[in-house]
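Please take these sequences and the hints and turn them into a complete structure.
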Amino acid sequence: MLKILVCISHVPDTTTKIQFEGDGSKLNKTGVTFIINPYCEYGLSRAIGFQEEGKKVAITALCVGGPEVEPTLRRALAIGADDAVRINADATDAGFVAKQIANYCNGKEFDVIFTGKESIDFNGSLVPGMLAEYLESSFVSYATHMDIADPESMTAQVKREVDGGEEVMEVPLPAVISCQKGIAEWRIPNMRGIMGARKKPLSVVSPNESLELVATVQFSYPPAKGNCQYFQPEDVSKLVDSLTNKGLV
Amino acid sequence: MPVLLFAEASEGVFKKPIFEAATFAYDLAQKLGTDLQAVTVGPVDAAAATGLGAYGVSKVHQVLGDSFVNAAFASAVAKVAESIDAKAVVMAQTYNGRAIAPRVAVKLSAAALSGLITVPDPAAGFDTTRMAYSGKGVEELKVNADQMVITVKTNGYKVEEHPVATTLVEVSNFSSNDVDAVALELIKAAEGISLTEAETVVSAGRGMKGPENWAMIEELASLLGAATACSKPVSDMDWRPHHEHVGQTGIQISPTLYIAIGISGAIQHLAGVSSSKNIVVINKDPEAPFFKIADFGIVGDLFDVVPQLIASLKSRVG
Numbered sequence: 001m002l003k004i005l006v007c008i009s010h011v012p013d014t015t016t017k018i019q020f021e022g023d024g025s026k027l028n029k030t031g032v033t034f035i036i037n038p039y040c041e042y043g044l045s046r047a048i049g050f051q052e053e054g055k056k057v058a059i060t061a062l063c064v065g066g067p068e069v070e071p072t073l074r075r076a077l078a079i080g081a082d083d084a085v086r087i088n089a090d091a092t093d094a095g096f097v098a099k100q101i102a103n104y105c106n107g108k109e110f111d112v113i114f115t116g117k118e119s120i121d122f123n124g125s126l127v128p129g130m131l132a133e134y135l136e137s138s139f140v141s142y143a144t145h146m147d148i149a150d151p152e153s154m155t156a157q158v159k160r161e162v163d164g165g166e167e168v169m170e171v172p173l174p175a176v177i178s179c180q181k182g183i184a185e186w187r188i189p190n191m192r193g194i195m196g197a198r199k200k201p202l203s204v205v206s207p208n209e210s211l212e213l214v215a216t217v218q219f220s221y222p223p224a225k226g227n228c229q230y231f232q233p234e235d236v237s238k239l240v241d242s243l244t245n246k247g248l249v
Numbered sequence: 001m002p003v004l005l006f007a008e009a010s011e012g013v014f015k016k017p018i019f020e021a022a023t024f025a026y027d028l029a030q031k032l033g034t035d036l037q038a039v040t041v042g043p044v045d046a047a048a049a050t051g052l053g054a055y056g057v058s059k060v061h062q063v064l065g066d067s068f069v070n071a072a073f074a075s076a077v078a079k080v081a082e083s084i085d086a087k088a089v090v091m092a093q094t095y096n097g098r099a100i101a102p103r104v105a106v107k108l109s110a111a112a113l114s115g116l117i118t119v120p121d122p123a124a125g126f127d128t129t130r131m132a133y134s135g136k137g138v139e140e141l142k143v144n145a146d147q148m149v150i151t152v153k154t155n156g157y158k159v160e161e162h163p164v165a166t167t168l169v170e171v172s173n174f175s176s177n178d179v180d181a182v183a184l185e186l187i188k189a190a191e192g193i194s195l196t197e198a199e200t201v202v203s204a205g206r207g208m209k210g211p212e213n214w215a216m217i218e219e220l221a222s223l224l225g226a227a228t229a230c231s232k233p234v235s236d237m238d239w240r241p242h243h244e245h246v247g248q249t250g251i252q253i254s255p256t257l258y259i260a261i262g263i264s265g266a267i268q269h270l271a272g273v274s275s276s277k278n279i280v281v282i283n284k285d286p287e288a289p290f291f292k293i294a295d296f297g298i299v300g301d302l303f304d305v306v307p308q309l310i311a312s313l314k315s316r317v318g
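Respectively, the protein sequence lines represent chains E and G.
Position one of the first sequence corresponds to residue 1 (my numbering), numbered consecutively onward.
Position one of the second sequence corresponds to residue 1 (my numbering), numbered consecutively onward.
Note that these hints are calculated values from the structure, not bench results.
Incorrect hints may appear among the rest.
Negatives, chain E to chain G, calculated, CB over 12 Å [what the hints assert, rightly or not]:
#, residue
1, Gly31
2, Ala94
3, Lys108
4, Gly196
5, Val204
6, Thr216
Residues from chain E shown here face chain G by an in silico Cβ test under 10 Å; the list is partial [as the list claims (entries may be wrong)]:
#, residue
7, Phe20
8, Gly22
9, Glu152
10, Ala156
11, Gly165
Glycine is no exception: its CB is placed at the ideal position from the N, C-alpha and C atoms.
Structure follows, in structure tokens:
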């Protein structure tokens, strides 16, 4: 039996027009749809893939967040996770989140822990590496492919993206694997999955005390753009003049 | 308490993101009134190591050996950081940097800060900034720890030289007993300019109508010394390889010049490229959302405009 934990980040949908509260303290959530972080969903899909290959697996989906993240966890159950866990704390500092997940993992003997390569809200890419360090487990970042040829061997065959190419790796389990495009295809839950998700267990766990070493002061918007200087299609050379004058070509 | 730069070598030498991180680390050391030292892990060309002096590195600690993956890299960097009691460890936001920084932060019980674009201000609680929400927001942060581990956004900090004399020191007796993955093979990407490091990127989308029309994009890129990129639909249809896909779920880039050809500019695409310093948009649809964030635009048929652009550039190169 492969025990798989899929860590899920609850994030604004990719099409969201990001707006902050007036004081910049946090995201204005009015009218915002939240989804499973797309990169985390790759991990969930890969986990389900192991099941379809005929391997015995148990898939737990975990999210650190308040009650508002439960629909996101239910969606993970609808897609195919067997049970879900919510650690009842706001996911702010990456170190805090990694520590909470590590505490939960303690004694549960997960063989594979999937995360996204990053969350599309904070884009920090910190939680997976911190989690691996807390668990003293092997770690593959930016994985694009994963097989477990023989579950008895407790090793996985993984490819990851590195600067200048892809690396083929042999990975001892347990391992933290941060996922990106390539490792699996996203799945759309079917009606049976959606109905079944309501009955699957979703437990709530209290957080452990842990320091937050980094705090958000405020959010603001990137410098506004929008002074587009237009050129007629027949004036391409004038565009090239402008680019040349700015030292861009 | 010095600042420690993790100078990550690729094939024994350093690339531009390392010099960006070095400049950032130097500026931080200046603000702290301390010196900048560096650590290298694995084989590094001696001239390249000494060359770090140009960026203000006064001492380079060299951890020798040839088989390092994340955990052992992180142990080596953390060991040197502890031995010199570093206030901050700074590295580039490369693939390796992203994997190693969080482990080093946990080892040192330090605050982990990724993708910074401004140097933390010691006079204001190490206040600093980074991009969040896939380029749609700027996050201002404060640090509640004595030490920091920082990655610097690629193409996010201007390289400057601050030459000093530098000495090389070998770190002996380093051994790692970390359990970790073993790299069996490196499949090198096709020769070309790295998309994340490129100063200029030529990117094209569905407006190209089919993969057979990409020759002019490649010609334009080669004239400009640019990397090529594409939109998500293009990579989904396999017109172009996945590693060229820029956008929210692809690669996020911030080149000096981004030329978008036949890409409408869906919000997910803009999230990956909006921090480009100059954006040129060529699209036949005047309502294409990309024009809203463009610096220069041409509303026209790309099959007319791009060949003209190539001709115009060629005439200047002479």
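Now for the hints, and whether the structure bears them out:
Separation of Gly31 (chain E) from chain G is adequate, the least Cβ-Cβ distance of about 15 Å exceeding the 12 Å criterion. Residue-level check failed: Ala94 (chain E) sits 6 Å from the nearest beta carbon of chain G, not beyond 12 Å. With a least beta-carbon separation of about 18 Å from chain G, Lys108 (chain E) lies farther than 12 Å from that chain, consistent with its non-interface assignment. For Gly196 (chain E), the shortest C-beta to C-beta distance to chain G comes to about 28 Å, beyond the 12 Å cut-off, and the non-interface label holds.
Remark: the non-interface label on Val204 (chain E) is consistent with the geometry, its nearest Cβ contact in chain G lying 26 Å away (cut-off 12 Å). Not every beta carbon of chain G lies more than 12 Å from that of Thr216 (chain E), the smallest distance being close to 6 Å; the non-interface claim is violated. For Phe20 (chain E), the suggested interface contact is upheld, since its CB lies about 7 Å from the closest CB of chain G, less than 10 Å. The restraint placing Gly22 (chain E) at the interface with chain G is violated, with a minimum CB-CB distance near 14 Å, outside the 10 Å limit.
Among the interface hints, the one on Glu152 (chain E) is violated; its C-beta lies about 18 Å from the nearest C-beta in chain G, farther than the 10 Å criterion. The interface hint given for Ala156 (chain E) holds, since its Cβ lies 9 Å from the closest Cβ of chain G, which is under the 10 Å cut-off. About 4 Å separates the beta-carbon of Gly165 (chain E) from the nearest beta-carbon of chain G, less than 10 Å, and the hint is met.
Checked against the numbered hints above, the structure violates hints 2, 6, 8, 9; every other hint is satisfied.
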